[in-house]
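> In the working numbering, the protein residues as written are 3 to 87.
Honestly, the hints are just simulated from the structure, not real lab data. Some hints here could point you the wrong way.
Claimed, not checked - Distance condition first, Cα-Cα at most 25 Å in a straight line; then the derived SDA-like pairs of lysine to any residue:
(1) Lys62 x Asp38
(2) Lys81 x Asp43
(3) Lys81 x Pro26
(4) Lys24 x Lys49
(5) Lys62 x Glu77
Quantities reported herein were computed from a predicted structural model and do not represent experimental measurements.
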Amino acid sequence: MKKEIILISYYVRRYKFKNGGKKPKYKNHFIFFSDDYPFLDKDSCLKCEDIRVIDKVRIKKHLGNINKFHLNMLENRIKFTFGFK
């Protein structure tokens, strides 16, 4: 039987932005702003360098979906992290 695998990246809720602005410190970090995603109570940072593989059954609940524009930006950050871009 084939298991489904989902890639999830570690995120932090307290994040120091570059120069006090709204840009991430590193190119391989992606910020989800709570203004764009109501299921987040605070702005969150996805760290693409800390990707882990887990089984679908370990995910407790679905919080929400990200839009295609941000998904494309996130894909570019992951490619950068692995040296494809």
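> Below or equal to 25 Å on CA atoms is what counts here, so check Lys81 against Pro26.
holds (17 Å)
> Does Lys81 pair with Asp43 here, judged by a C-alpha cut-off of 25 Å?
violated (28 Å)
> Against the 25 Å threshold, does the CA-CA distance of Lys62 and Glu77 hold or violate the hint?
Answer holds: Lys62 to Glu77 is near 24 Å, not above 25 Å.
> Tell me if the straight-line CA distance from Lys62 to Asp38 falls inside 25 Å.
holds (23 Å)
> Taking 25 Å as the top limit, are the C-alpha atoms of Lys24 and Lys49 close enough?
Distance ~16 Å between Lys24 and Lys49 Cα, so the pair holds.
Figure legend: structure checked against the earlier numbered hints; the only hint not met is number 2.
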